[in-house]
Every structure is written in structure tokens, then in C-alpha cells.
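Model the full assembly from the supplied sequences, consistent with the hints where possible.
So for the sequence shown, the working numbering puts the first residue at 1495; every next one is plus one.
By construction, these hints were calculated from the structure, which means they are not laboratory data.
Accuracy of the hints is not assured; some may be wrong.
Pairwise CB distance ranges, derived in the manner of DEER restraints [what the hints assert, rightly or not]:
1. G1520 <-> I1500: 31 to 39 Å
2. Q1539 <-> Q1496: 25 to 33 Å
3. E1546 <-> D1524: 20 to 28 Å
Cβ coordinates follow ideal geometry from the N, Cα and C atoms, glycine included.
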Amino acid sequence: MQESVIYQSIKKDEKRAIALNFLRRGVEIDIITFSTGLSIDEVQQLQQQLNEPTQS
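And the structure:
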């Protein structure tokens, strides 16, 4: 059971990483949601993270 939770977490992290790469390349959100299985809200949150100025 614990392995399943860990596995699902890893898969979700991979999907987010793929979505971030798509966003960086200017891919449309609907294509990203279709390709990754992430929700529109999740992809929009990732997009906001990319648009936030980095603090140094």
C-alpha cells in the first residue's frame, strides 16, 4: 500500500515536470492537460509559478 502511494506521488511529479517543460516551450494548456492528465487548474498553477519573479 505504501509503495502505491509513493509511486503515485512520483508519477504526479513527473507529470508536473513534463507540463513545466511544455509551458516553457509555449505549448497550449489544453494540449498539456490532454498529454499529461493534469487538470486545467494544476497546469495554470504551474504557469503562475513560471511567471513569478524569482527571488534571489
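Status of the hints after comparison with the structure:
Distance hint for G1520 and I1500: a CB-CB separation of about 33 Å, consistent with the stated range 31 to 39 Å. Taking 25 to 33 Å as the suggested C-beta distance range, the pair Q1539 and Q1496 conforms, at roughly 27 Å. Here the CB-CB span from E1546 to D1524 is close to 23 Å, well matched to the stated 20 to 28 Å.
Of the hints listed earlier, there is not a single one the structure fails to meet.
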